[in-house]
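Starting from the given sequences, assemble the full structure and let the hints guide the process.
Protein chains in written order, with numbering that gives the first Met the number 0: chain D, 0 to 337; chain S, 0 to 335.
Treat the hints with caution; some may be incorrect.
[Claimed, not checked] Cross-link-like lysine-lysine pairs, in silico, DSS-like; alpha carbons within 25 Å at most:
{"no.": "1", "chain 1": "D", "residue 1": "K144", "chain 2": "D", "residue 2": "K188"}
{"no.": "2", "chain 1": "D", "residue 1": "K177", "chain 2": "S", "residue 2": "K54"}
{"no.": "3", "chain 1": "S", "residue 1": "K187", "chain 2": "S", "residue 2": "K201"}
{"no.": "4", "chain 1": "D", "residue 1": "K26", "chain 2": "D", "residue 2": "K284"}
{"no.": "5", "chain 1": "S", "residue 1": "K259", "chain 2": "S", "residue 2": "K201"}
{"no.": "6", "chain 1": "S", "residue 1": "K201", "chain 2": "D", "residue 2": "K144"}
[Claimed, not checked] Derived Cβ-Cβ restraints for the label pairs, each shown as a range:
{"no.": "7", "chain 1": "S", "residue 1": "R231", "chain 2": "D", "residue 2": "T333", "range": "37 to 43 Å"}
{"no.": "8", "chain 1": "D", "residue 1": "K177", "chain 2": "S", "residue 2": "Q46", "range": "56 to 62 Å"}
{"no.": "9", "chain 1": "S", "residue 1": "I65", "chain 2": "D", "residue 2": "E196", "range": "19 to 25 Å"}
[Said to hold, decoys possible] Not the full set, but computed from the structure, chain S residues with beta-carbon under 7 Å of chain D:
{"no.": "10", "residue": "S66"}
{"no.": "11", "residue": "L68"}
{"no.": "12", "residue": "G72"}
{"no.": "13", "residue": "Q104"}
{"no.": "14", "residue": "P172"}
If you're looking for bench data, these hints aren't it; they were derived computationally from the structure. Glycine included, each C-beta is placed from N, C-alpha and C at the ideal position.
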Amino acid sequence: MPETPQNTNLPYAIRAYSPERLREALKKMYLVRKFEEGAEDSYMRGLIHGTMHLSIGQEASAIGSTMALTDEDKITSTHRGHGHCVGKGADLGKMFAEFFGKETGYCKGRGGSMHIADPSKGNLGANGIVGGGLPIAVGAALSAKRLGTGAVTICFFGDGANNEGAFHEALNMASIWKLPVVFVCENNKYGMSTSTERSTAVKNIAERAAAYSMPGVTVDGNDFSAVTEAVDAAVERARAGDGPSLVENLTYRWRGHSKSDRNRYRTKEEINEWMGRDPIPAMAKLLMEHHIITEDGVAAIEAEAEKIIKDAIEFATNGPDPKVEAVTRDVYTTEATA
Amino acid sequence: MNAQNEPEIRELSYAEAIREAMDIALEADPSVLLMGEDIGVYGGAFQVTGDLVEKYGTDRVMDTPISELGGAGVAVGAALTGLKPIFEFQFSDFAALAMEQIVNQAAKVRFMLGGSVSVPLVMRFPAGSGTGAAAQHSQSIEAWLGHVPGLKVVQPSTPEDAKGLLLAAVADPDPVMIFEHKLLYKMKGQVPGGHYTTPIGKAAIRRVGKDVTIVATSIMVHKAMEAAEQLRADDIDAEVIDLRTVRPMDRDTVLSSVRKTGRLICVYEGVKTLGVGAEISAMVAESDAFDFLDAPIVRLGGAECPIPYNPELEKAVVPQMPDILAAARDIVKGRV
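This is the structure we're talking about:
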């Protein structure tokens with residue numbers, strides 16, 4: 000994967016990826032941010048019901064972690080999964096249409112924000128159950144190994160999931176069977192309101208990798224290059240048949256856990272400090288420093304992302320609603336006789 | 000594999016019939032694999048997988064750690080991505096450890112994703128009481144899973160159906176839960192050779208009669224048949240229906256029978272209230288078959304307690320043949 004030049008003084012991402020791919024990554028980060036801002040705005044205006052879990056502030060983790068994947072590779076995602084969908088190449092119009100509950104959405108309006116998936120691109124779906132995707136990712140990796148597809152699975156999960164039994168069972172099985180899966184923990188410091196300090200016996204979640212005989216690293220999850228460096232190495236290891244790894248991306252969600260969050264468990268100072276570590280300008284700065292893009296180029300990418308989001312909302316708004324008569328249609332593949 | 004090529008019908012035990020079905024499935028389709036606790040060299044807690052590991056190796060007859068939740072989830076993920084796992088729970092009670100993956104994932108993924116995926120997963124559950132294993136190894140939980148849209152739930156009562164329903168489950172694109180009664184594993188019966196399927200969602204009329212319909216599940220079918228034979232002495236002609244599938248339930252077969260006999264007894268081992276019998280009864284009560292009833296419906300189900308250890312107590316908490324006999328006499332003689 001590494002391209003020109005082989006100068007080890009350069010940040011990993013600059014060495015490993017073409018300028019074109021890096022500009023595309025920046026665009027995807029803007030898309031995630033603007034998708035979620037658009038979703039928030041649509042919610043305020045009453046166009047979206049239910050709840051949503053925004054990942055604003057975590058874009059480097061989602062986009063950086065999916066850089067090395069092809070459409071054959073799989074991901075499992077979380078309730079805070081919009082970034083993972085974009086990273087895996089999802090269509091923003093179909094994502095918004097799902098949010099709006101339309102027949103034209105990824106799940107035909109049956110799933111909503113928490114279940115957006117695109118199996119044709121290897122995205123096995125977000126999951127409403129904390130830790131729900133962990134064993135499923137191991138199963139996808141088992142298929143890849145048995146069927147010899149060469150595919151790698153990235154399993155996204157949050158810090159909250161690391162205290163679920165499913166986490167421990169999944170890591171253990173991935174390790175004993177040496178499966179091609181990368182566990183990417185997006186540690187945004189809080190499982191809803193409970194901090195990792197209060198919930199988790201180890202300082203860094205990556206330390207738990209040792210219990211399952213796999214490499215574990217903790218990186219600055221707001222640093223795009225650091226994320227790609229750690230995850231790409233783990234993907235390469237998985238693809239080579241050397242088994243699973245755990246990567247912990249330290250990051251922060253600017254917004255509350257969900258719409259009901261009153262932010263009583265953290266301080267304004269903490270939120271402001273993390274907002275000062277916005278991963279998107281940091282990525283733009285990195286690319287500008289290495290002459291991959293100009294300031295005008297960044298502005299143009301941001302404007303392009305805004306336009307895509309505007310069109311996506313329009314596509315979603317104009318889409319047909321699902322038919323009530325067809326609500327049970329996809330419960331079974333073949334119609335049950337009951 | 001049609002009947003002309005494989006005409007032989009042999010006597011096999013229920014466990015042997017299940018093993019033969021798995022053997023056929025493994026042989027026919029390289030994407031099929033068995034997963035479960037101690038199903039490899041040990042042969043399974045009830046020796047159902049037996050020596051299949053010798054023929055197919057540990058990659059296709061996979062021992063899992065004692066991790067029911069994780070193991071079930073791995074099976075779901077594998078089923079979503081090209082494999083067809085047949086997952087054995089050591090005891091059906093242990094499904095409680097894996098309900099998250101069975102109920103929130105396997106059953107719902109297709110629906111939640113708007114029909115873009117299927118979960119071709121088979122789960123096998125050794126179930127029921129009678130082995131002296133007490134409250135955590137003896138339950139009948141088919142009604143729990145029967146309550147979940149997205150799952151199909153079957154309860155074979157004969158070796159022939161144990162094989163046919165398993166092969167039907169393997170061919171089915173959706174998750175199928177198979178409840179196998181542990182006391183039936185050694186029961187012998189006539190089993191056709193080769194590949195055949197028993198339709199999911201179709202009950203079987205095991206005995207034709209005109210005076211009372213007894214709808215039974217799993218091992219209760221045999222107790223009902225025994226009762227039906229004895230009822231001849233009372234000049235009572237009982238029709239015995241083997242429900243075979245709990246979800247989706249075979250409405251037509253049950254209703255037609257009740258329209259004919261005018262009397263209904265439901266017999267099942269699971270706890271009586273909110274169980275399979277409630278659904279059968281409601282199905283009749285909500286239909287025109289209700290107008291044909293000459294007596295109130297009778298449910299014979301498990302007692303309202305966990306399965307006890309003491310053998311006399313254990314027998315007492317699930318319906319036995321004399322209970323069915325007495326219920327049939329009462330219902331026909333208007334004593335209900």
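Now the hints, each set against the structure:
no., hint, verdict
1, D/K144 to D/K188, "violated (34 Å)"
2, D/K177 to S/K54, "holds (23 Å)"
3, S/K187 to S/K201, "holds (22 Å)"
4, D/K26 to D/K284, "holds (14 Å)"
5, S/K259 to S/K201, "holds (19 Å)"
6, S/K201 to D/K144, "violated (37 Å)"
7, S/R231 to D/T333: 37 to 43 Å, "holds (41 Å)"
8, D/K177 to S/Q46: 56 to 62 Å, "violated (30 Å)"
9, S/I65 to D/E196: 19 to 25 Å, "violated (31 Å)"
10, S66, "holds (4 Å)"
11, L68, "holds (6 Å)"
12, G72, "holds (2 Å)"
13, Q104, "holds (6 Å)"
14, P172, "holds (4 Å)"
Hints 1, 6, 8, 9 from the list above are not met by this structure, while the remaining hints are.
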